[in-house]
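Quick note on numbering: UniProt numbering labels position 56 of the sequence shown as 56, and the sequence is numbered without any gaps.
Everything labelled a hint here was simulated from the structure, so no lab data went into it. All the given hints hold, so there is nothing to weed out.
Distance windows between CB atoms, simulated:
hint, residue 1, residue 2, range
1, R102, Q203, 34 to 40 angstroms
2, L197, Q44, 38 to 44 angstroms
3, S47, S84, 16 to 22 angstroms
4, G105, R200, 41 to 47 angstroms
5, F127, I196, 19 to 25 angstroms
No more than 16 angstroms apart at the CA atoms, straight line, and that leaves these computed lysine to aspartate or glutamate pairs for EDC-like:
hint, residue 1, residue 2
6, K210, D117
7, K93, E67
8, K168, D59
9, K54, E67
10, K93, E73
11, K93, D42
12, K93, E68
13, K54, D42
14, K136, D117
15, K158, E195
16, K158, D117
Glycine included, C-beta positions come from ideal geometry on N, C-alpha and C.
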Amino acid sequence: MPTFHSLSLPGRGGISDDEDGAAFWSACLEGIHFEFGAVTVDPQTSSFDPSPLKGYLADLGVPYFYEEQCIIEQAATLEGGCDSICSFCSRIKRGRIYACARREGYNVLAMGQHLDDLAESFFMSVFHNGLLRTMKANYLVQEGDLRVIRPFVYVREKELREFAQKAKLPVIPENCPACFEAPKTSDQAATCTQEILFPRLYQSLLTAMKPLMAKNRTGMESVHRKKPDRDEEDEIQL
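Given these sequences and hints, build the entire structure.
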């Protein structure tokens, strides 16, 4: 089965470039046979260095595709400015990853986002857009030719970090200055504070987000009707 982890799986599949991606490779190369490829999108920031991954992937025999684009510089020159560099960067990277997967013949894209990421996405959507939304665990892109999966949606970030450290996996730390200025940074800090008070916070968040992770949910349901229909109520109770 071929797969692509965005050094971020196609039946031919692509890796994220932090502990999430490194842990993904180590986990998915055990047991089930996939044909993997990996792609890095270099945003051309001075501190970005994916070189530790190259030797690691070469040792695993995984094809590696390197894409580069001056994303931060491009965002600065947009007419009318850029409200969110992180959002702009994500869209550009996603487009380059999709294009690479199609060009190289992959049909599944495996992303390394974990439960903490889904919680941040949920809070960002609620606080800043007024919508009950988060990232999907498994869905087809609009064109229907690529499937996106997120195998780690039930896994905490700290668990992946510990695994990567114990396995001595190569990790590229977050190094984009814009990311540290984004609203998600304060949202994450607030979540950490709440977890100290309520240790089961993430178990509760996972239960609350499961209906939103389903591929048939858009997050617009609360806008279009005042209360969920009977099927939706049943699903939420599950």
